[in-house]
Every structure is written in C-alpha cells, then in structure tokens.
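Assemble chain V onto chain L, guided by the hints.
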Amino acid sequence: MKINVKNFNVNLDDKHILNNINLDIKRNSIHAIIGPSGCGKSTFIKSINRMNDLVKNFKASGKILLDGKNIYDDDIDVVSLRKRVGMVFQKANPFAKSIFDNVAYGLRIAGCEDSDYIKTTVLDSLASVGLLDGVEDKLYESALKLSGGQQQRLCIARAIAINPEVILMDEPCSALDPLSTLKVEELINGLKEDYTIVLVTHNMQQAKRVSDYTSFFLDGELIESGKTGDIFSNPKCDKTENYIEGRFG
Amino acid sequence: MDLVKKIFFTLSGIITVAILLVIVSYILINGLPFIDFEFIFSNPVDSGRSGGIFPMIISSLYLLVLTALIAVPIGVGSAIYMTQYCKSNAFVNFIRFCSQILSAIPSIIYGLFGFTFLIMFLKLDWSLFAASVVLAIMSVPTIFQVSEISINSVPGELVEASLGLGANKSQTITSVILPSAISGIFTGIILALTRAISEAAAVMYVVGSTFTVPLSIFDAGRPLPLHLYILASEGVSLDNAYATASILIIMVLIITVFSNYCLNRYQNKIEGL
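So the protein lines, in turn, are chains L and V. The first sequence begins at 160 in this note's numbering and counts up by one. The second sequence begins at 694 in this note's numbering and counts up by one.
Incorrect hints may appear among the rest.
[Claimed, not checked] Capping the alpha-carbon separation at 25 Å, the derived lysine-lysine pairs in PhoX-like fashion look like this:
1) L/Lys215 x V/Lys962
2) L/Lys342 x L/Lys297
3) L/Lys215 x V/Lys862
4) L/Lys304 x V/Lys962
Keep in mind the hints are simulated off the structure, nothing from the lab.
Chain L extracted, bound-state conformation (with noise of 0.2 Å):
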C-alpha cells in the first residue's frame, strides 16, 4: 500500500467535513475517488498534500500515512511532501510563462540548476503526456496559448517533471471537453506504470473508464470502498448503487 487513511477527520470552522475516513490506497494503481458535489472528496484529496492547510480555521485529525510516515507529523516539511504528492486541478492553472518555464518551474524552485538535465525532463515530461510533438517549435512561447485540453496536459507535464511519487487529481477533465477529456484519460491510463494516482471525478463513466479501485463518499463519509468493477457491477450498499445509477446526485 503506498497511501493508508485511518480515522482521519476534517473540520472547518464548526462544520465536520470528513468523518472517520478509512481507506488504504494501493501503489502504482488508479483509485477513484466519487460522489456527489459537497461530498468532502476535494477536501479528502488535497488533505493528501496538505493543500488544506492554506485553508483558514481548517482542522484535521487522524493519520495519513505515505509509505508507512504519518505526513501530519510534526516533523513534517510540507514544502518537501509537496515535491512527493504532486497535483492536477479541477481548472488548468499554467503559470503566465513559457511551456518550456511552465514545465521546469517545479525543477527551477528545487534549485537545480543544470540546464541541460532541465532541458532533458521538460522534452521528456512533455512527451509522456503526448504534448511534445504539437509544441516543440513553440516551447519559448507562451502556455496561456494553448487549448484548454493542452494546458491540462501541460499541467500534468508540470505535475510529473519533479518525479513525484503521488499525483492526486481534481477533477481533471470537468472543463474539457470530450475529445480532450479521452486524451487525458488515455494519459492518466498510461501514467499508473510510474505513478499512484488519486483521481477525483463526479464523472462516473469515467472512474468506470479509468480506474482500478474506487471510493464512493457521501456527507464526509466513505459509504464503500473497493476494485471498480465490483463497485460498479455489484455494490453492496445501497446508497451507492442509487448514486451509480444516477438516482441522486
């Protein structure tokens, strides 16, 4: 298992967001994170990188251990878990710089300062999220350029040029569209050979397309948890399977 969730548990201002979440999610695999909006699976997600922390009057209890290591820990840099537990949002968020600047930034900020290795990753990430061969004589250009499906891909070029070893997802594809949103699928897909990726998605076919695990939240609680295709073919709840089969929601 490379992420285990225990008894964890969210509160903002007098509101319990997450309650008592227990989830254990499996390296190198695509795990879907669903449910209806208002359900905490945002907060759930960017609890894993500590995103959360940027919000006022948050408080959160409980473990989430990364490869054994409780990540809200005293002694944890969170600057440095970030550089582990990358992140794609719900919105393509590219920097107003160069694709080639947008991609390095992450390498640049962690101080390196070779630029030929630089060069190497930006051309190599670019390339894994199939971007490369649409943007390699306009690398000096700028990526607010791009098609919305391009700077999402951009965006996980960015995630996955500092190597990390998570990539938590945010709604990735809710702005694209379906074309777009197929050539990220296919990429998330290819991703999961070097990465543990957590993919929230209120899109349910595709949590059905693309994932190996899902986790059906509802009201801050994890309802059901398991492989997808039992979930989706068998759930054992009965929320769930109203959920899936769009009776609310």
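Then chain V, alone, in the frame of chain L:
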C-alpha cells in the same frame, strides 16, 4: 432609454478627453514657443525672468529617483506583508483604513509635517533628501493600495499550483505572485511617482530654494513645480511659467510612455508572447 444612456456615456467620455486635451494643449501652446535648447540646458537668470531651468529639471529628476527608492520598497513590501504574511484581518483592515486616510490628506499638510518634523525636530537641512522623504510618505499609500489590489487579484489557482509543485511561500511570491501582479503594481508606482514630481506644496517648506544645479541629495534644490509656482505667483515671468509647465508635462509623459514600454517588454519576455 437606451439611447439616452448611450448619449450620456458617450458625452462623459468625450468631456473627459476634451478636458485633458484642452488643458495640455493650452499649456503647450503658451509654453512651447519659449522652449529652446538654452532654456533646457542653462541656469535661470534674474530669478527666472530669463535664462533656463536646467537646475530645476535636475532637482526634479533627483526627487523622482530618490522618492522611488524610498517609497517603492516600503509600499510594495507592505502590500506583500499584508496580503501574504499578516494573519490578522483586523490589522489589515486597520492599515488599509489608515492608508486611505493618508492618501486623502492635502499635500500642503505633508509639507508642513515635513517642515516641523524633518527640519525643525530632526534638524535636517533643507534638501532634496528631506523633500523626497516627504514625497515618499505621500506616495506610499497609493503604491500600497494599488499593489494590494493587484496582488489580491492574482488567481488563487496559480498560488495553489506553485505550492503544489513544492514551492515555498517566498518562492511563490517571487516567481508567481509578483510577476502576475507586476503590471498593476507598476501602474500604481507610476501614478504615485508622477504625482510626487508634480508636487509644489508638499516640498516647498523642505527643499529650500536655489538657482544652482544640486550636486548631491543633501543640497537644496528647486524642483519644476515649485519653480513654476514661484514664477507665476510672484509675477516673475508668466511665459517662463508656461514653458516650465510644458517641460513638466513632457517629462511626465516621457516617464509614463517609457515605463509602459519597459513593462510590456518585460511581460512579453516572461510570458513568451
């Protein structure tokens, strides 16, 4: 109804541009005929009745640079502190309130403060340095306010993206937040500085008054607006007052155009446009 609104808005636009054009062209028409090489590059003669305004141009340039050196770090720095580091909302609101009050104070009061505090109390000499301290105090609120707005308008997603890639806070500020906010911050700086070098009232009690070229920042000087004020109010030479005003307007214009050009170059460079 639509037509009425359209006419109203169009008229407002026209009036705004017209006021600007009338004032600027009135001054230039009255001033330009008296400007020549000698006017720009020689010292005034007979209290400014004839001769040029070279020392005044130099004084104003000194003030521009010195004021920028003092006010920009403080104004931008405090905006960064308030938006990125300060945890207390009440304190931020308090500082914002104070800075709004400060920017509403008439410049003559800054001038009097400079006189009583810098000259009388701290015993500084009348000098360009004292004047730029006063101008900097006057400029900081504008720079702070505009910088704060620009920094706050940097999308949170970019900050998250940077932190998500393992950047720490100061790296995020220098590599993502400031480059994204730079054009707004820059506009605020130019606004404050062009205002500052157009000030007569704020500096008249602290800058001294001299007709020679200031050699150091601790020399007295006579910046263009002050010279203009004296020429006009003491009836020395209205023609030269217009000419001085024209030079001041041209200087502000050059600063604005040049700085916008630099800003565009910089943005194109980092954004790869």
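Keeping to a limit of 25 Å between CA atoms, is the pair of L/Lys215 and V/Lys862 held or broken?
Holds, at about 16 Å.
Distance restraint between L/Lys304 and V/Lys962, which requires alpha-carbon spacing of 25 Å or less
holds (15 Å)
L/Lys342 and L/Lys297: Cα distance at most 25 Å?
holds (21 Å)
Between L/Lys215 and V/Lys962, is the straight-line Cα distance small enough, at 25 Å or below?
violated (36 Å)
Checked against the numbered hints given earlier, the structure breaks only hint 1 and satisfies all the rest.
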